[in-house]
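Undergrad: Now for the letters of each chain:
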Amino acid sequence: MNNQSTNQNNFLDEVVLRDRLHLYTKKLNINKWDLGASSSIDSSVQVDKGEAKQMKSAQRNSITIRVWNESGLIGITSTSDLTDNGLFKAIEGAKDASNLGNPNDIPDFSPLSKDPLPELKRPIINPLGIKTLYSVLKEAEADLIGKHNSIKSVPYNGIAEGISERIYINSNGALRQMRSTHASLYLYARAEESGRKPRSSGAVRLAYGAKDIDVESCIEEASDKTISHLNYQPIDTGRYLICFSPDAFLDLLGSFSSMFNARSVLDGISLSQKDSINTLISVPCLNLDDNGLHKSNIGASAFDGEGTPTKNLSLIKEGKLVNFLHSESTAKQFGVKPTGHAGLGAKVSVGPDWFVVSRSDKYRLSKSNFNHKDMKDKYVYIENLTALHAGVKASQGSFSLPFDGHLINQGDKTSIEAATVAGDIKDLLMNIVSIEEEGIITPGGVSPHIWVDNLSITGEA
Amino acid sequence: MDTSTFDDKWKPHLELLLAKGCSSGADFVEIFLEKTDHISILAEQNIITNVSPSFGIGAGIRVFKGFRDGFVSTNNLTESGLNDALEQALAMLGLNVSALDRSKFQGLNSLRDFGNAKRNWLSDCPKTKEATQKLLSGTSSLEVLGKHLQVRRGSYSRSWQDVIVAGSDGTFAHDIRLHQSTGLNVLAADGEHRTSIGRRYGSSDTPDDLINWDEKNSAQEVCDSASSMLYADYVDAGQMPVVLANRFGGVIFHEACGHLLETTQIERGTTPFSEMIGKQIAHPSVTAIDEGITPGAFGSISMDDEGMESKKTVLIEKGILKCFLSDRAGELRTGHIRTGSGRRQSYAFAAASRMRNTYIDAGTNKPEDLILSIEDGLYCKSMGGGSVGPTGQFNFSVEEGYIIKNGKLTKPVKGATLIGEAKEVMPRISMCADDLDLAAGFCGSISGSVNVTVGQPHIKVDSITVGGR
Chain B
30 MNNQSTNQNN
40 FLDEVVLRDR
50 LHLYTKKLNI
60 NKWDLGASSS
70 IDSSVQVDKG
80 EAKQMKSAQR
90 NSITIRVWNE
100 SGLIGITSTS
110 DLTDNGLFKA
120 IEGAKDASNL
130 GNPNDIPDFS
140 PLSKDPLPEL
150 KRPIINPLGI
160 KTLYSVLKEA
170 EADLIGKHNS
180 IKSVPYNGIA
190 EGISERIYIN
200 SNGALRQMRS
210 THASLYLYAR
220 AEESGRKPRS
230 SGAVRLAYGA
240 KDIDVESCIE
250 EASDKTISHL
260 NYQPIDTGRY
270 LICFSPDAFL
280 DLLGSFSSMF
290 NARSVLDGIS
300 LSQKDSINTL
310 ISVPCLNLDD
320 NGLHKSNIGA
330 SAFDGEGTPT
340 KNLSLIKEGK
350 LVNFLHSEST
360 AKQFGVKPTG
370 HAGLGAKVSV
380 GPDWFVVSRS
390 DKYRLSKSNF
400 NHKDMKDKYV
410 YIENLTALHA
420 GVKASQGSFS
430 LPFDGHLINQ
440 GDKTSIEAAT
450 VAGDIKDLLM
460 NIVSIEEEGI
470 ITPGGVSPHI
480 WVDNLSITGE
490 A
Chain G
2 MDTSTFDDKW
12 KPHLELLLAK
22 GCSSGADFVE
32 IFLEKTDHIS
42 ILAEQNIITN
52 VSPSFGIGAG
62 IRVFKGFRDG
72 FVSTNNLTES
82 GLNDALEQAL
92 AMLGLNVSAL
102 DRSKFQGLNS
112 LRDFGNAKRN
122 WLSDCPKTKE
132 ATQKLLSGTS
142 SLEVLGKHLQ
152 VRRGSYSRSW
162 QDVIVAGSDG
172 TFAHDIRLHQ
182 STGLNVLAAD
192 GEHRTSIGRR
202 YGSSDTPDDL
212 INWDEKNSAQ
222 EVCDSASSML
232 YADYVDAGQM
242 PVVLANRFGG
252 VIFHEACGHL
262 LETTQIERGT
272 TPFSEMIGKQ
282 IAHPSVTAID
292 EGITPGAFGS
302 ISMDDEGMES
312 KKTVLIEKGI
322 LKCFLSDRAG
332 ELRTGHIRTG
342 SGRRQSYAFA
352 AASRMRNTYI
362 DAGTNKPEDL
372 ILSIEDGLYC
382 KSMGGGSVGP
392 TGQFNFSVEE
402 GYIIKNGKLT
412 KPVKGATLIG
422 EAKEVMPRIS
432 MCADDLDLAA
442 GFCGSISGSV
452 NVTVGQPHIK
462 VDSITVGGR
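These protein sequences, in sequence, are chains B and G. Positions in the first sequence are counted from 1; adding 29 to them yields the numbering used here. Positions in the second sequence are counted from 1; adding 1 to them yields the numbering used here.
Worth flagging that the hints you see were computed from the coordinates, not collected in a lab. There could be a bad hint or two in this list.
What the hints assert, rightly or not - As a list, the in silico DMTMM-like pairs of lysine to aspartate or glutamate whose alpha-carbon atoms are at most 20 Å apart:
| hint | chain 1 | residue 1 | chain 2 | residue 2 |
| --- | --- | --- | --- | --- |
| 1 | G | Lys130 | B | Glu467 |
| 2 | B | Lys176 | B | Asp243 |
| 3 | B | Lys407 | B | Asp318 |
| 4 | G | Lys424 | B | Glu446 |
| 5 | G | Lys66 | B | Glu80 |
| 6 | G | Lys424 | G | Asp370 |
| 7 | B | Lys176 | B | Asp253 |
| 8 | G | Lys135 | B | Asp125 |
| 9 | B | Lys82 | G | Glu193 |
| 10 | B | Lys455 | G | Glu425 |
| 11 | B | Lys78 | G | Glu425 |
| 12 | B | Lys455 | G | Glu88 |
| 13 | G | Lys424 | B | Glu222 |
| 14 | B | Lys82 | G | Glu88 |
| 15 | B | Lys340 | B | Glu148 |
| 16 | G | Lys424 | B | Glu221 |
| 17 | G | Lys130 | B | Glu99 |
| 18 | G | Lys66 | B | Asp77 |
| 19 | B | Lys455 | G | Asp234 |
| 20 | B | Lys226 | G | Glu425 |
To be verified - Distance windows between CB atoms, simulated:
| hint | chain 1 | residue 1 | chain 2 | residue 2 | range |
| --- | --- | --- | --- | --- | --- |
| 21 | B | Asp243 | G | Ser450 | 26 to 36 Å |
| 22 | B | Gly372 | G | Asp215 | 48 to 58 Å |
| 23 | B | Ile469 | G | Asp234 | 29 to 39 Å |
Beta carbons are placed, not taken as given, at the ideal position from N, Cα and C, and that holds for glycine.
Construct all of the structure, not just a fragment, from the sequences and the given hints.
TA: Structure follows, in structure tokens:
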């Protein structure tokens, strides 16, 4: 291992890394290159009835290198072997791959890769250490089991903390570096009552450091949700008024994010077309932003894989599609600027950071007074959707998804035993009947509760 | 440390680390070293749009004390890097090396080299240029054979892994693994009608697999499916009998039952079958097997990631539960003996009990007998993905389905999802045909994503919930 590329804390030294790349690429007659590097140290614990089941720690470094050959074609390689031999082999691999580069789509450096970065005032929190993590989790497990007689175990649980670093460098002088810390806690309890099926639910909390995780509220939420599913019944198959929780609505939107993705549009696998900008794709009172810089986004990054600064981007404004997410390559083809949503590749991927759904008060919906806290009419509350990888056909717009939720009638709440909800995302966005006022912050974004009428549910009744 | 080859040269270094671990009071110490060489290639329409090679090295060190274990992974394979990792893993369990006591460790056995005959496999694989030509032949076959194809994609990935496992019980084993997978996908569109269809094929330990791939036949299969499904109606929801086709239909058994027969599920208390050994858990027509020995199958392994030779494990025999899949930690914590099923995606994960090639064994019926036995039901010709929840509930999407009416296949339908619970569905598998076949896939779970094979003959489930519109 050539430790010149890492400092004493095992993190990458971006200046040394840049100099090594200059040296090796010169040897191979490569004049144009860029790289993305990441480094992390993570620790985590899981417990089982008070005992530490497994304690883990990981130290990782990896680099992705892109090179442009004499013909201007691009090649890429990734490696976790940062020895001299490993790095040299990776550059050679990228050069070989460039001989098969796509002449019809050649990414370039982002024109914004040397622009000033947004200021991210995120704290760097010192780790608590694995023994303290164990103590916190052990206590949380015991507290959760103690919340209700029917909660017998917490089969899925974990607490983790880590520090990570990202670097972007190119041969044109761009050099980006950022370091961040993160921590997480998840608790999924299993409850069982005599003669009844086991039920399970849980909660997740994120923070910049383990000391800041709101353990109490995680226990409360996991307990409340699990207990709320003890009184369960099958539901009749039919069409229902639905209230999506913020988590569920964000998951659904995320699964269909190819609608906003310029790469998917160019590849022909999006529901949107190149000329879809300014068309109405939802009810007029829906706004959707992608805001990776949101203060509640624990995983915020100041730049994307191509070094483009992250920014808040409006995607749907008053029902109209107003922007796509772009990389350098797609932006060039659309005649716009990159938006800070790119990965790093020969074919550059594009993806959202952090969705923020909100209500535009300029327009009113037919049922704009609906509120899940005091709704008297019969409706189905979808707490969370599962198996999105299997039940969403993003290029077709259809979904058929299992969910956890409740049938609520005159305030009476009955958990739904096993059911799926099915529909079409384009129809769903057009059939929203109410968007509640309060935006709820979740681990994956911000959204109010969203009401949709006449969605199809299959139950086992 | 020389990472160019994993062989006997590593023995003294590994023995020293293991001796340190044992001197500290650990019950067991295991070191897993890995080197990888992957490449993935994507062809879209008639052009190669992505060639992504990647290389990796890493080590995973696991220490047991009582029922607890500590696991540390690192990319740093220097002597000091491995020492640091060991010390971290020991410290997690409250252990530390004060003085080296060689008597605590008896040394490693002679190297059991499963990889010796495989050292040329990487160079025997097709060159990148050859691979791109084969993929482009696949996407042009789609163009020739298909109609209304808006997107045509071919993908190839080759994964080469060189591993060595050393344990303080003397285990010392080396292996080289080669997995290749190839896929064709299309998006067909005509006005408002859209469908996406894909097929994936995979093999292990067969360097010339891509060259021997019949891409035209695969393209024909994909285009036939797309043609059927493009104008299909949505399925009506309800409870009904279904027939699941062979090959990838086995994903249901994998998800709904196979995972519940891993000892990790006993440890968590999340399997309903933990006390059911020797008892009837499925219909008497069901015999289910998990093994790692079928030559060339995607889930086959010469040894598992704990250095144990692979074997065949009968899970269910004529409906009676016979065995759980167990790894080292599973054996320690549940008492079920190891079955050569300790698997992990990479050095970054501790091994866990995982499936290999898992299938329902062939029965005696003909596939058409199963269809003929149903008045109103659903034929699931091709399955999409699925998952199983923490209480055993499963769900699967049906990629290509047909309504069965009076014993005959009628119109194609889309949008179906099968949902249920393993404990309730297993006794309802009432008929198995004689056409067992396997299909390659990837399984994601506690120790990452591993190559597996699912399989079954055509089977009939007497009643299951079909989600639709």
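Undergrad: Against each hint, give a clear statement of whether it holds in the structure.
TA: Taking the hints in turn, this is what the structure says about them:
Our distance criterion of 20 Å between C-alpha atoms is broken by G/Lys130 and B/Glu467, whose separation comes to about 56 Å. Taking the CA atoms of B/Lys176 and B/Asp243, the gap is about 17 Å. The hint holds against a cut of 20 Å. A distance of roughly 31 Å separates the Cα atoms of B/Lys407 and B/Asp318; the hinted pair therefore is violated under the 20 Å criterion. Among the hinted pairs, G/Lys424 with B/Glu446 is consistent with the structure: their alpha-carbon atoms are about 15 Å apart, no more than 20 Å.
For the hint pairing G/Lys66 with B/Glu80, the CA-to-CA distance comes to about 12 Å; that is within 20 Å, so the pair holds. Taking the CA atoms of G/Lys424 and G/Asp370, the gap is near 25 Å; set against the 20 Å cutoff, the hint is violated. For the hint pairing B/Lys176 with B/Asp253, the CA-to-CA distance comes to about 9 Å; that is within 20 Å, so the pair holds. A threshold of 20 Å between alpha carbons decides the hint, and for G/Lys135 with B/Asp125 the separation of about 18 Å falls inside it, so the pair holds.
Distance hint between B/Lys82 and G/Glu193 is unfulfilled; the C-alpha atoms sit about 52 Å from each other, more than 20 Å. Pair hint B/Lys455 plus G/Glu425 does not hold up; C-alpha atoms about 36 Å apart against a cutoff of 20 Å. Pair hint B/Lys78 plus G/Glu425 does not hold up; C-alpha atoms about 29 Å apart against a cutoff of 20 Å. For a cut-off of 20 Å, the pair hint linking B/Lys455 to G/Glu88 is broken: about 55 Å separates their Cα positions.
This hinted pair checks out: G/Lys424 and B/Glu222 have alpha carbons roughly 17 Å apart, not beyond 20 Å. Taking the CA atoms of B/Lys82 and G/Glu88, the gap is near 19 Å; set against the 20 Å cutoff, the hint holds. Restraint check for B/Lys340 and B/Glu148: satisfied, since their Cα atoms lie roughly 11 Å apart, inside the 20 Å limit. Simply put, G/Lys424 and B/Glu221 have alpha-carbon atoms about 16 Å apart, close enough for the 20 Å limit, and the pair holds.
For a cut-off of 20 Å, the pair hint linking G/Lys130 to B/Glu99 stands: about 19 Å separates their Cα positions. Proposed proximity of G/Lys66 and B/Asp77 is supported: the alpha carbons are some 15 Å apart, at most 20 Å. Restraint check: the Cα-Cα separation between B/Lys455 and G/Asp234 comes to about 18 Å, which is no more than 20 Å; the hinted pair holds. This hinted pair checks out: B/Lys226 and G/Glu425 have alpha carbons roughly 12 Å apart, not beyond 20 Å.
Separation of B/Asp243 from G/Ser450 is about 31 Å and conforms to the stated range, judged on CB atoms against 26 to 36 Å. The hinted range of 48 to 58 Å is not satisfied by B/Gly372 and G/Asp215, whose Cβ atoms lie roughly 34 Å apart. The beta-carbon spacing between B/Ile469 and G/Asp234, approximately 37 Å, falls within the hinted interval of 29 to 39 Å.
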